[in-house]
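Chain order of the listed sequences is A and B.
In terms of our numbering, the first sequence is residues 1 to 324.
In terms of our numbering, the second sequence is residues 1 to 91.
Worth double-checking, as some hints may not be accurate.
[Claimed, not checked] Residues of chain A clear of chain B, computed beta-carbon distances all greater than 12 angstroms: (1) 11; (2) 32; (3) 125; (4) 145; (5) 232; (6) 244; (7) 252; (8) 284; (9) 310; (10) 316.
[Said to hold, decoys possible] Beta-carbon label-pair distances, calculated as ranges: (11) 39(B) - 31(A): 47 to 57 angstroms; (12) 23(B) - 179(A): 29 to 39 angstroms; (13) 39(B) - 300(A): 45 to 55 angstroms; (14) 303(A) - 43(B): 40 to 50 angstroms; (15) 79(B) - 31(A): 44 to 54 angstroms; (16) 303(A) - 23(B): 20 to 30 angstroms; (17) 19(B) - 26(A): 41 to 51 angstroms; (18) 23(B) - 251(A): 57 to 67 angstroms; (19) 48(B) - 309(A): 50 to 60 angstroms; (20) 263(A) - 19(B): 29 to 39 angstroms.
If you're looking for bench data, these hints aren't it; they were derived computationally from the structure.
We put the CB at the ideal spot given by N, CA and C, even for glycine.
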Amino acid sequence: MSVPPLQNKPCGGRYGDIVEAIGNTPLIELKRLSPKPGVRIWAKMESFNPTGSVKDRVAKALIEDAEAKGAIGPHTTILEPTSGNTGIALAMICSRKGYKLKVVMPDNVTQERTQLLKMYGAEIVYSPGNLGSNGAVAMAEEMAAANPEYYMPYQYGNPANPLAHYNGTAVEILDELDGQVDAFVAGLGTGGTLMGHARRFKEELGDRVTIVAAEPMQGEPVQGLRSLDDGYIPPIIDLSLLDRKIFVTNRDAVVWTRKLLDEEGLFVGVSSGAIARIAVRIASEMDEGNVVFIVCDDGWKYLSSGVYTLPVDEVANLDSTVWW
Amino acid sequence: MATIRIPPVLRPSVGGEREVSADGSNVGEVLRALVEQYPDTSSQLFGADGDLNRFVNVYLNDEDVRVLDGLDTTVGGTDELVILPAMAGGR
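Next up, chain A with everything else stripped away, as it sits in the complex (with noise of 0.2 angstroms):
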């Protein structure tokens, strides 16, 4: 358990920087959200941190790590492949580290993504969109694979990715909720958020916990495979893990998150009504007991998109976007 204790409870914490603030995120139950009296669903607010997303400390461990095994200095250039919060992340805390970065980014993301990393001074190498984060995976490769000057971290491959929440989010959630968790809900993206809590959470409470994972269900616009062996699995992900996997499509995922925000107040971005949405679906099977999901980013970058505002069915590009 390496999460250093809150100095000054409920403040949030003391601390000497903005990167020291990632993490201590706040817990909040949904109460209307409840199909059944028994059953409490928790939101696990990662859209607390500096950034307003999870993967903020998915790239503070990245950085560390790469720290700590003596693989970056004043003149490398770091990249990664994001369509947006890790790369956002990473600018913020290689801003604060005087590190430079470069990001590879599918060019169909929200322009609130550009923009928030153009202002914490990334560069930005566009994917081409159709091949969503597959071609941003595949065009980072190649540039690292060409350039020794670049350092990828390498968030679907990294462990650093999975133990930023093994060692931090999970130790948070086990302790707010004195160890009783009785389901787990997380987007599946890279695999880091499920993988680091599955494992922490089956090692301390055996197979009482459900660990589900909600991925999104890629519109056909963003399918553009020439064949099946373009496919991509992060090298993270151990789908022994993982006692549920389910999809949601994007249309469910903007109207659960549009239901966060009318009945519970949460103002956050798709995917976590996504997650949202099979959260309650799981407490809707279970007769009592604690539903923890996280929210992975808050709704800021997705303002421009419509997603609050309009009718469903006339989000433009509701199925070629990539909201997460």
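Guided by the hints, dock chain B onto chain A, whose structure is given.
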């Protein structure tokens, strides 16, 4: 008879159809029936060992069958199988 939803990358192998129907009491049987109808899908869906190609995700309605009982997962007549390519997510 179960419905199978076909992703864009596989449609050329099934005459451009978005959905096809196939018989079978479990996922393996339904997919084998699909391969019998459309032999070009065989090498894309299955590896040489007869298991699902690692980059193919098959969902019973909306749940990944790999986390259920794999190819032995029971399929009912009103169920839908959804085939999707493995895509990287995460940000």
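Hint check results:
Distance check on residue 11(A): its Cβ is at least 29 angstroms (rounded) from any Cβ of chain B, clearing the 12 angstroms threshold; non-interface status holds. Here residue 32(A) stays apart from chain B, with its beta-carbon at least about 24 angstroms from theirs, past the 12 angstroms limit. Every Cβ of chain B is farther than 12 angstroms from the Cβ of residue 125(A); the closest lies at roughly 16 angstroms, confirming the non-interface assignment. Taking the minimum C-beta to C-beta distance to chain B, about 18 angstroms, the non-interface status of residue 145(A) holds against the 12 angstroms cut.
With 12 angstroms as the threshold on Cβ separation, the claim that residue 232(A) sits away from chain B is violated: the shortest Cβ distance comes to roughly 4 angstroms. With a closest Cβ-Cβ approach of about 6 angstroms to chain B, residue 244(A) is found to fall inside the 12 angstroms limit, against its non-interface label. Annotated as non-interface, residue 252(A) brings its C-beta within 12 angstroms of a C-beta of chain B; the closest such distance is 10 angstroms. For residue 284(A), the requirement that its beta carbon stay farther than 12 angstroms from each beta carbon of chain B is met, with the minimum near 15 angstroms.
Every beta carbon of chain B lies more than 12 angstroms from that of residue 310(A), the smallest distance being close to 23 angstroms; the non-interface claim holds. With a minimum CB-CB distance of about 20 angstroms to chain B, residue 316(A) clears the 12 angstroms threshold, and the non-interface call stands. Between residue 39(B) and residue 31(A), the C-beta spacing of about 55 angstroms keeps the proposed range 47 to 57 angstroms intact. In this structure the supplied range 29 to 39 angstroms is violated for residue 23(B) paired with residue 179(A), their Cβ-Cβ distance being about 48 angstroms.
Checked against the given bound of 45 to 55 angstroms, the beta carbons of residue 39(B) and residue 300(A), roughly 51 angstroms apart, stay inside it. Look at residue 303(A) against residue 43(B): about 45 angstroms separates their beta carbons, and that is inside 40 to 50 angstroms. Between residue 79(B) and residue 31(A) the C-beta distance comes to about 34 angstroms, which lies outside the given range of 44 to 54 angstroms. A beta carbon spacing of about 48 angstroms between residue 303(A) and residue 23(B) contradicts the range 20 to 30 angstroms that was offered as a hint.
For residue 19(B) paired with residue 26(A), a C-beta distance near 44 angstroms keeps the hint of 41 to 51 angstroms intact. Range check, residue 23(B) to residue 251(A): about 30 angstroms between beta-carbon atoms, so the 57 to 67 angstroms window is missed. Between residue 48(B) and residue 309(A) the Cβ separation comes to about 52 angstroms, which falls inside the hinted range of 50 to 60 angstroms. Against the hinted window of 29 to 39 angstroms, the Cβ-Cβ separation of residue 263(A) and residue 19(B) comes to about 35 angstroms, which satisfies the hint.
Figure legend: structure checked against the earlier numbered hints; hints not met, in rising order: 5, 6, 7, 12, 15, 16 and 18.
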